[in-house]
Structure formats: C-alpha cells, structure tokens
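Participant: Protein chains in written order, with the numbering used here: chain H, 95 to 239; chain C, 58 to 721; chain V, 5 to 134.
One should not assume that every hint holds.
Cross-link-like lysine-lysine pairs, in silico, DSS-like; alpha carbons within 27 Å at most [unchecked claim]: (1) C:LYS167 / H:LYS102; (2) H:LYS102 / C:LYS721; (3) V:LYS89 / C:LYS522; (4) V:LYS26 / C:LYS457; (5) C:LYS397 / V:LYS89; (6) C:LYS289 / C:LYS198; (7) C:LYS517 / V:LYS101; (8) C:LYS480 / V:LYS66; (9) V:LYS66 / C:LYS522; (10) H:LYS211 / C:LYS163; (11) H:LYS211 / C:LYS314; (12) C:LYS314 / C:LYS436; (13) C:LYS517 / V:LYS26; (14) V:LYS66 / C:LYS541; (15) C:LYS721 / H:LYS230; (16) C:LYS459 / V:LYS26; (17) C:LYS290 / C:LYS560; (18) C:LYS137 / C:LYS86; (19) C:LYS397 / V:LYS26; (20) H:LYS196 / C:LYS721; (21) C:LYS459 / V:LYS89; (22) V:LYS89 / C:LYS457; (23) C:LYS585 / C:LYS628; (24) C:LYS355 / C:LYS309; (25) C:LYS628 / H:LYS230; (26) C:LYS397 / C:LYS290.
These aren't lab readings, by the way, just hints derived from the structure by calculation.
Quantities reported herein were computed from a predicted structural model and do not represent experimental measurements.
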Amino acid sequence: MQINGEFKPLIVAFCCNWCSYAGADLAGNNRLAYPENVKIIKVPCSCRVNPMFILRAFQRGADGVIICGCHPGDCHYTSGNYYTRRRMSLLFSMLNFLGIEKERTRVEWVSAAEGAKFAATMNEFTEAVAALGENKRLEDLRCKR
Amino acid sequence: MQRIGVFVCWCGSNIAGTVDVKAVAEALKNEPGVVFSTDYQYMCSQAGQDIIKNAIKEHNLSGIVVCSCSPRMHEQTFRKTAQAAGLNPYMVEISNIREQCSWVHKDMEKGTEKAIILGKAAIAKVNLNAPLTPGESPVTKRALVIGGGIAGIQTALDIADAGFPVDIVETKPTIGGKMAQLDKTFPTLDCAACILTPKMVDAGQSDKIRIFSYSEVSQVKGFVGNFDVTIKKKARYVKEDLCTGCGLCTEKCPQKKVPNEFNLGMDNRRAIYIPFAQAVPKVATIDADYCTMLKSGKCGVCSKVCTAGAIDYTQKDEYIEEKYGAIVVATGYNPISMDKFDEYAYNQSKDVITSLEFERLTNAAGPTAGKLLRPSDNKHPHTIVFVQCVGSRCANCAEKGKEYCSKICCMYTAKHAMLTRDKYPDTDVYVFYIDVRTPGKSFDEFYRRAVEEYGVHYIKGMVGKIAPEGDVLKVQASDLINNKQIHIDADLVVLAAAIEPDKSARPLATMLTASMDTNDFFTEAHPKLRPVESPTAGVFLSGACQGPKDIPETVAQAGAAASKVIGLLAKDKLMGNPCVAHSNELMCNGCSSCERVCPYGAITYSDKEFRMPDRTVAIRRVASVNEAVCQGCGACTVACPSGAMDLKGFANNQIVAEVDAICK
Amino acid sequence: MQNKNSSLRDEIIRISGTNPRKCMLCGKCSATCPAFDGMDYAPHQFVNMIENGNIEPLLNSKSIYQCLSCFACLERCPRTVEPAKLIEAVRLSVIRKQGANHLKPDNIPALLDEDLPQQAIVSAMRKYNK
Chain H
95 MQINGEFKPL
105 IVAFCCNWCS
115 YAGADLAGNN
125 RLAYPENVKI
135 IKVPCSCRVN
145 PMFILRAFQR
155 GADGVIICGC
165 HPGDCHYTSG
175 NYYTRRRMSL
185 LFSMLNFLGI
195 EKERTRVEWV
205 SAAEGAKFAA
215 TMNEFTEAVA
225 ALGENKRLED
235 LRCKR
Chain C
58 MQRIGVFVCW
68 CGSNIAGTVD
78 VKAVAEALKN
88 EPGVVFSTDY
98 QYMCSQAGQD
108 IIKNAIKEHN
118 LSGIVVCSCS
128 PRMHEQTFRK
138 TAQAAGLNPY
148 MVEISNIREQ
158 CSWVHKDMEK
168 GTEKAIILGK
178 AAIAKVNLNA
188 PLTPGESPVT
198 KRALVIGGGI
208 AGIQTALDIA
218 DAGFPVDIVE
228 TKPTIGGKMA
238 QLDKTFPTLD
248 CAACILTPKM
258 VDAGQSDKIR
268 IFSYSEVSQV
278 KGFVGNFDVT
288 IKKKARYVKE
298 DLCTGCGLCT
308 EKCPQKKVPN
318 EFNLGMDNRR
328 AIYIPFAQAV
338 PKVATIDADY
348 CTMLKSGKCG
358 VCSKVCTAGA
368 IDYTQKDEYI
378 EEKYGAIVVA
388 TGYNPISMDK
398 FDEYAYNQSK
408 DVITSLEFER
418 LTNAAGPTAG
428 KLLRPSDNKH
438 PHTIVFVQCV
448 GSRCANCAEK
458 GKEYCSKICC
468 MYTAKHAMLT
478 RDKYPDTDVY
488 VFYIDVRTPG
498 KSFDEFYRRA
508 VEEYGVHYIK
518 GMVGKIAPEG
528 DVLKVQASDL
538 INNKQIHIDA
548 DLVVLAAAIE
558 PDKSARPLAT
568 MLTASMDTND
578 FFTEAHPKLR
588 PVESPTAGVF
598 LSGACQGPKD
608 IPETVAQAGA
618 AASKVIGLLA
628 KDKLMGNPCV
638 AHSNELMCNG
648 CSSCERVCPY
658 GAITYSDKEF
668 RMPDRTVAIR
678 RVASVNEAVC
688 QGCGACTVAC
698 PSGAMDLKGF
708 ANNQIVAEVD
718 AICK
Chain V
5 MQNKNSSLRD
15 EIIRISGTNP
25 RKCMLCGKCS
35 ATCPAFDGMD
45 YAPHQFVNMI
55 ENGNIEPLLN
65 SKSIYQCLSC
75 FACLERCPRT
85 VEPAKLIEAV
95 RLSVIRKQGA
105 NHLKPDNIPA
115 LLDEDLPQQA
125 IVSAMRKYNK
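Working from the sequences, and respecting the hints, build out all of it.
Facilitator: Take a look at the structure:
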C-alpha cells in the first residue's frame with residue numbers, strides 16, 4: 095500500500111482468541127507501538143485459519159499475513175496449534191510456486207502474557223515485508239476495475 | 058439486509074485522544090447496512106448503554122457494532138445490553154479501537170484511518186451474522202467415579218456430601234486401592250489403614266453412594282450431562298445382599314494354593330476370599346480360575362458352610378445401564394514389571410523385592426504379620442539395599458522403563474529406610490540414589506531425619522548388578538562422590554519400581570474420547586488452569602491417572618474434581634457455546650476428515666436418506682456435530698475438503714468479509 | 005573449563021554417534037563396569053569429561069585399554085548415553101594417529117566368530133595391534 099509515496103505494507107494478523115489476541119491487548123495496555131497497517135482479525139483458535147483466508151488476503155492486496163496462536167502445548171483446545179503448524183508449513187511450501195514470497199507469511203506463538211513479543215514481532219515482520227516491497231503478483235485483476 | 062447501528066466510544070480520552078471518533082462515526086455511516094451511527098463518551102456507562110437500547114428500538118436495528126475497547130473487556134456487557142433491548146446477543150460485534158488502535162498508535166490521522174477500517178471489518182462481519190441460540194441440554198444429577206482407590210473414594214464422598222448420588226465402579230472385589238496395601242504414610246508416619254478405612258466405611262454406608270465392586274465400565278455413550286454407561290458386574294458367585302462377610306467360607310475352602318494378589322503373591326489365599334479384613338463391601342468372592350466346584354463340579358464346601366445361603370454357583374455376568382451427568386476417572390497406577398531389569402535379579406531371587414512388596418512385608422496385616430523377614434528363608438535381614446529410580450527417568454528409546462520421574466519413590470524409600478532403622482537398629486540400610494527429590498511440605502525434613510537421626514547410608518550412585526550367591530545378594534554399585542565402585546553383600550534388596558497408569562486406562566480413554574499422553578496418563582484440559590478436567594466436557598480426572606502423585610496431592614485433586622462435578626450437577630440445564638461447528642449435509646462427502654481432527658469426539662457420522670433431484674432416495678454417509686460437546690475451535694472447518702463444515706459466529710464467509718474489508 | 009578442546013570433543017561425539025548431554029549422572033555405567041578396578045578414569049567420568057571438552061587426560065589414560073567393550077554399560081544405561089561407544093571413540097582417536105596398524109581386510113574372515121559382537125573384534129584388534 096502506497097501512502098504519500100511511501101510504501102507501508104498492509105499486514106493481516108490472525109490472532110487466536112485465547113492467547114495472541116490477549117497478547118495484542120496487552121501490547122495496547124502497555125502502549126507498545128507497532129505499525130498502523132497491522133490489522134488484527136480474531137479467530138477462536140489458530141487452527142480456524144483456512145489457507146483460503148490467507149490466499150484471499152494476498153489476492154485482495156495484503157502484503158503480508160501472520161498467524162498468531164498459543165505456544166505449543168498451551169492451546170486452549172489442546173492441539174489446535176499443532177494443526178496450524180502442519181497446515182501452514184504445507185501452505186508456505188507452496189507459496190513460492192504461487193508467486194508469493196513465502197517470507198510474506200509467518201506463524202508465531204504469542205501467549206497472553208507476551209505483549210512485548212507481539213509488538214516486537216509485528217515491528218519486525220512489517221520491516222521484513224517492507225523489504226520485499228509491494229505484493230503485486232496475486233492480485234485479482236477484477237479488483238482493479 | 059441487516060439494519061446496523063454503529064456506536065463509537067471515546068473512552069474519555071483513551072480513544073478520542075488518538076482517534077477522531079466523530080470522523081469514524083461519520084465515515085461508517087455510509088457502509089452497507091448501516092442505518093444509524095453515533096459516538097458517545099463512555100459507551101459502557103448506563104447512559105451509553107441506554108443510547109444503544111434506544112437506537113435498537115427506534116431504528117429497528119438487527120445488528121450492532123460497538124467501536125470501543127477489547128471484546129475481552131466489554132463484549133459481555135454489550136451483548137447483555139442488546140439482549141435487554143430484544144436483540145439477539147450474538148448480533149453484536151466489537152471493533153477493538155482502543156487496545157489495538159488508539160493505545161498503540163500516536164498519529165491522529167493514521168489512528169482514525171485504522172479505526173475506520175477496523176469498524177468496516179466489523180460491519181462486514183455483522184452483515185453476515187445470524188442470531189445464535191446456545192443449545193440447552195438437561196443434566197442427569199448423578200456422577201460416576203471409575204476407580205475406588207483413595208482418589209475415587211474421596212471424590213465420591215465429596216460429591217455425596219453435596220447431596221448428589223454417586224456410583225463407584227471398582228474392578229477389584231473391594232474398594233481401597235493401593236493405599237489399603239500400604240503400611241505407614243510419609244511424612245507423618247500415620248498408618249494408612251487407620252486413615253483410609255474410616256473413609257471406606259463412610260463410602261460404604263453413605264445412602265448417596267453405590268459401590269459396584271468387581272465391576273468394569275464396558276460402554277460409554279452420550280456427552281456432558283447425559284452419559285449412558287453400561288457397567289459389567291462380573292460374576293462373583295456370591296449373592297452380595299445375602300453375604301454377611303463372616304468369612305467362614307474363606308476358612309473352610311479346601312483350595313489353599315491361590316497366590317494372594319493383595320500381598321502381591323507373597324502368600325496364598327483360598328479360592329473363595331475376602332481380600333482383607335476391612336474390605337468394603339465385605340462380601341466374599343469366588344475366584345473362578347481356582348474354584349474346584351466351578352471347574353469340575355465337585356466340592357461345594359463353601360455353599361455347605363454358608364449359613365446365609367449366599368453362594369450361587371450359577372451366577373452370570375450382569376450388565377447394568379445407568380445415566381450420569383459427569384464421569385470422574387480415578388483409575389490410578391501400578392508399579393511397572395521388573396522383567397526387563399535382568400541386572401537386578403528380580404526374577405532370580407525371592408529376596409529382591411519391589412517397594413510395594415516391602416510395604417506388605419512391614420504391614421502388621423501382611424504375610425509376616427509385620428515382622429521384617431526376608432521371603433526366601435524367613436530370616437531377619439541385616440543388610441538392606443534400596444535402589445531408587447528403577448525404571449524411572451529412562452530415555453524413551455531405552456524401552457525398559459519410563460521417561461518421567463515417578464515422584465513418590467524418594468519419599469517412600471526414605472520412609473522404608475527410616476522405619477527399618479527404627480524397628481531394627483542392628484540393620485545396615487543403604488539407599489542408592491541419582492537425585493533425592495523432596496519438594497513437599499515437611500518432605501525434605503523427613504529425608505534429612507532418615508540420614509541424620511536414623512543413620513541411613515545414602516550413596517550417590519546407582520546399582521549396576523545384583524548377583525544371588527549362596528544366601529546373600531552381591532550388590533555391585535558406584536559411589537560417585539568417592540569415585541569408587543563398591544560391593545555390598547546384602548540380605549535383602551528393595552527396588553523402587555517406576556509407576557505407570559493402570560492398564561485399564563487406555564481402553565477407558567477410548568470409550569470416553571478423553572485424550573492421553575504417550576505414557577497413557579490422562580491429559581488435563583489445561584496444564585495449569587484446568588488441571589482436574591479432561592478436555593472432553595463432563596469428564597474429570599482424579600489422582601494418579603493424570604500423573605504420578607502422592608496421597609496428599611491425590612486427595613487434593615480428588616476434592617478439586619468433586620467440586621467441578623458438583624458445579625456441573627448443580628445446574629439444571631447446560632447452556633452451550635453457540636459458536637459451534639455445523640455441517641451442511643448436502644455438501645458433506647462422508648470423508649471423515651473432520652472426525653479425525655476433532656479433539657473432543659464431537660463429530661459422528663451416520664447414514665441418512667436424501668431425496669435426489671430425480672426423485673429417487675439415496676443413502677449417504679454424512680457428518681453431524683454434537684453441539685453440547687463441540688467447543689468451537691474450528692479445526693474441522695479447515696480439514697473439510699468439500700467446505701461442508703463451518704463454524705457459527707466465525708463462518709468462512711464472515712472471516713473472508715473481514716479480510717476483504719481490511720484489504721480494500 | 006568449558007569446551008577446552010571443542011573440535012576434538014565434536015570429533016569424538018561424531019565418531020561415537022552418542023549424545024553425552026543426555027547423561028543424568030546416575031553412575032550406573034561405573035556400577036556395572038567389570039573392568040572398573042583397572043581404570044584410572046571411570047566410565048561416568050568419560051561421559052562428563054568429554055562433554056566438558058576435558059579430553060587430554062583421557063587420551064593418555066589406562067582406561068581406554070582397560071575397557072573390554074563388553075557393552076554392559078551400554079545395555080544398562082537408562083539414558084542411552086552408551087559410554088562404551090564414547091570410550092571406543094577416544095580409543096580410536098588415539099589409534100588413528102598411530103599410523104598404519106589397522107586391521108587388514110584379508111585377515112577379518114578368520115577372526116569372525118558368531119558369538120562375538122563385530123565391534124568387539126574390531127576394537128580388540130586395534131587394542132592389541134599397537
């Protein structure tokens with residue numbers, strides 16, 4: 095996304111309700127800043143994130159997608175984040191083939207106590223995506239109308 | 058089309074300081090479906106809630122978006138507000154513009170811009186919301202406790218105390234479990250029987266508790282609040298209601314050569330037996346494997362001597378069906394087999410025993426009437442070697458033992474060593490240890506007392522080899538502090554065998570769809586915050602079935618499990634979480650992918666008839682979700698290849714709409 | 005003393021194929037060892053010293069020639085650290101520097117015996133071939 099000629103990557107962050115969304119709230123409570131273009135979508139568990147959502151985000155112009163869940167072993171639903179880990183490593187392995195640098199996606203474990211980690215992760219991920227530049231390849235041409 | 062109201066909160070200056078709330082309210086006015094948009098200083102205040110209520114009525118709103126603090130803070134508040142105004146509470150969406158916007162950004166322009174986008178995402182979601190009603194299910198006010206050891210007894214007593222009926226199912230002829238076999242208990246050294254048997258009597262006499270002894274759970278169906286359980290009462294060939302427990306039959310039975318499992322085979326019992334004097338229920342049981350009458354039809358002594366006429370050689374296994382609201386698993390533990398530890402000569406010498414056998418040897422009701430005599434020649438042992446960590450803390454690839462620390466061995470070995478030195482000061486006692494682990498109230502003091510006051514020789518090192526030679530056991534061990542290999546001629550060696558979950562636990566977990574770890578211990582719903590609940594709703598964990606535990610911990614967990622059960626049974630109806638998965642049967646292809654990923658066993662498949670377009674009827678295998686069991690994680694929705702499975706409240710199209718709104 | 009000689013340490017761990025970090029200091033190897041009395045460094049010390057890179061003394065020790073390769077420690081180690089393999093690896097690292105005294109392939113068939121572990125023959129030959 096170009097804002098005043100400056101490139102600001104649009105990041106969609108899927109956060110699980112129990113750990114990472116609370117971690118994001120804690121970052122807010124502690125006033126730990128991260129870029130405005132990070133937009134959070136709440137899901138009950140990181141395993142709710144369908145690979146389709148990620149591809150959709152890229153298709154609609156997102157520059158990066160990050161999935162945040164509870165640490166392994168801490169999932170509210172016992173094993174949801176293990177599913178996430180497997181599904182996403184499979185999806186990520188195919189992204190290059192689809193024309194998206196796989197560095198534009200990431201899975202991170204952020205607990206409800208890790209506000210600082212959430213902010214740091216978002217800052218660092220945004221920088222990494224910014225370095226890759228705008229994501230043009232998977233845009234739905236019909237959206238350009 | 059929805060009629061959506063948007064309410065933007067200032068939160069004093071918390072939001073209004075970085076976000077131009079008026080601009081947000083103005084910008085969101087033109088979103089599809091929005092018919093009303095306003096802002097107010099404190100939306101969560103009474104006045105703020107009144108604004109929402111009035112707007113719902115005035116504008117006939119079908120959904121609302123509140124742009125405010127985190128939903129973790131006030132989602133419940135605003136849902137109640139909506140409900141009070143006659144709107145379904147699940148038609149409320151919160152746009153988090155405080156924690157995730159105003160508090161993390163400093164620039165007014167950018168903050169406002171982000172708040173507008175977050176608001177748009179919430180509006181896009183509400184447009185696709187549907188009213189949800191939590192499922193209700195009745196609760197059967199009866200609990201089942203599987204296992205009648207101290208864990209099961211304590212749980213049952215606590216539940217019965219709150220006024221709910223409880224059934225205990227125990228595979229052995231009596232309740233009491235491992236604790237009934239113990240002599241003294243650490244760290245206070247009160248006798249196990251003295252503190253356990255009154256509890257057993259309480260359980261036996263309580264009018265709220267039924268005890269199914271010599272019984273097993275053979276089938277479990279249903280879900281939280283509504284379990285249908287089949288209990289198999291094994292034939293004991295004695296009518297429980299007639300037997301008085303006088304014990305005459307157990308004295309007269311001519312079959313005397315039956316290994317007594319209560320004394321771990323160190324002496325014999327008869328074919329008809331009562332495991333121990335304080336058994337509850339105190340009813341005789343015929344061991345069908347040894348009874349001459351049952352095997353060849355010739356004997357019948359017990360039936361002749363029984364004055365109550367309780368013996369019934371024709372008894373058959375009986376199946377009882379009962380409904381329960383909650384199930385507590387208290388299946389306990391066993392010491393592991395020593396067969397793989399050839400170096401310790403357990404199978405070669407009778408004088409190499411496990412700690413539980415030592416417990417029986419020192420128990421006044423045990424095979425030696427409490428005198429410490431070694432099993433081979435009934436002589437008093439003068440040198441005793443205790444070996445710790447036999448089978449505990451083994452690498453899992455070693456395949457001999459268990460990877461975990463069995464937790465109780467350090468303390469009971471200290472107890473054994475101390476009691477031996479106390480009763481027989483002429484005995485030399487050596488304890489070989491890797492680490493002494495005593496984290497518990499008064500535990501370390503207890504261990505130090507064994508060393509300092511009772512002169513037990515604690516040696517840092519491990520025993521490598523035990524060789525029976527004549528009437529001594531040649532013990533070869535290392536002393537790591539002195540860097541020596543030492544040789545001891547011992548009279549008796551006691552192995553602190555690792556403990557493992559009871560063998561019945563794994564099939565039971567399958568029946569309950571409760572999860573287990575690789576060691577067959579039951580997994581708790583959350584390792585820290587929900588330690589007595591299984592992830593399967595309505596199934597609770599008590600005692601060593603969840604992990605190695607000593608008696609105080611077991612009793613504490615048993616009480617905790619009971620309080621969770623009471624909390625469940627006290628409800629008349631269970632309100633489920635309405636955000637559960639549901640399957641579109643027309644799209645379902647019957648592949649079972651969802652069933653396999655569901656951690657709760659909430660998905661079942663059944664054959665259903667469908668009318669086809671050509672007016673024929675086809676039978677197809679389709680998934681259905683039990684809404685009372687589903688917890689709404691959504692794992693199945695992603696696994697479903699045909700897109701039939703979706704999650705209410707977090708539907709595929711809702712999340713996609715949010716993605717679209719954000720990426721626009 | 006941490007990692008005094010880390011390249012040699014890594015080499016020995018590589019040859020042995022074991023992981024000395026798994027050791028929990030129980031001492032069962034030294035308790036088991038039938039050759040303990042002749043050793044200047046006990047099997048459990050090998051594990052610890054190799055992990056800490058303190059290998060020089062081991063290279064010059066009697067122990068590496070006292071070890072019988074009976075594998076009792078390997079069999080009984082509860083953590084599968086397998087000290088015999090580490091001792092063998094130290095021995096090899098000494099012997100490999102001594103030059104051309106390896107067992108000739110042609111001589112192997114005559115030495116094979118059904119009851120003897122292969123590695124025992126190999127290590128015994130290396131020991132007595134100095």
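Participant: Each hint needs a verdict: does it hold in this structure or not?
Facilitator: Right, here's what the structure says about each hint:
1. C:LYS167 / H:LYS102: 12 Å, holds
2. H:LYS102 / C:LYS721: Cα-Cα ~14 Å, so holds.
3. V:LYS89 / C:LYS522: 20 Å, holds
4. V:LYS26 / C:LYS457: 16 Å, holds
5. C:LYS397 / V:LYS89: 22 Å, holds
6. C:LYS289 / C:LYS198: With Cα atoms ~21 Å apart, LYS289 (chain C) and LYS198 (chain C) stay inside 27 Å; holds.
7. C:LYS517 / V:LYS101: 38 Å, violated
8. C:LYS480 / V:LYS66: 47 Å, violated
9. V:LYS66 / C:LYS522: Holds - the C-alpha atoms of LYS522 (chain C) and LYS66 (chain V) are around 24 Å apart, at most 27 Å.
10. H:LYS211 / C:LYS163: Since the Cα atoms of LYS211 (chain H) and LYS163 (chain C) sit roughly 20 Å apart, the hinted pair holds (cutoff 27 Å).
11. H:LYS211 / C:LYS314: 68 Å, violated
12. C:LYS314 / C:LYS436: Distance of about 23 Å is within 27 Å: holds.
13. C:LYS517 / V:LYS26: 18 Å, holds
14. V:LYS66 / C:LYS541: With a Cα-Cα distance of about 16 Å, the restraint between LYS66 (chain V) and LYS541 (chain C) holds, given a limit of 27 Å.
15. C:LYS721 / H:LYS230: 14 Å, holds
16. C:LYS459 / V:LYS26: Roughly 15 Å separates the two Cα atoms, so the pair holds.
17. C:LYS290 / C:LYS560: The hint holds at about 19 Å.
18. C:LYS137 / C:LYS86: Holds: LYS137 (chain C) and LYS86 (chain C) sit about 24 Å apart, inside 27 Å.
19. C:LYS397 / V:LYS26: 21 Å, holds
20. H:LYS196 / C:LYS721: Status holds; Cα separation ~22 Å.
21. C:LYS459 / V:LYS89: 23 Å, holds
22. V:LYS89 / C:LYS457: 20 Å, holds
23. C:LYS585 / C:LYS628: 25 Å, holds
24. C:LYS355 / C:LYS309: Judged against 27 Å, a Cα distance of about 15 Å means the pair holds.
25. C:LYS628 / H:LYS230: 56 Å, violated
26. C:LYS397 / C:LYS290: This hinted pair is violated, its Cα atoms lying about 35 Å apart.
When the structure is compared with the earlier hints, violations turn up for hints 7, 8, 11, 25, 26 and for no others.
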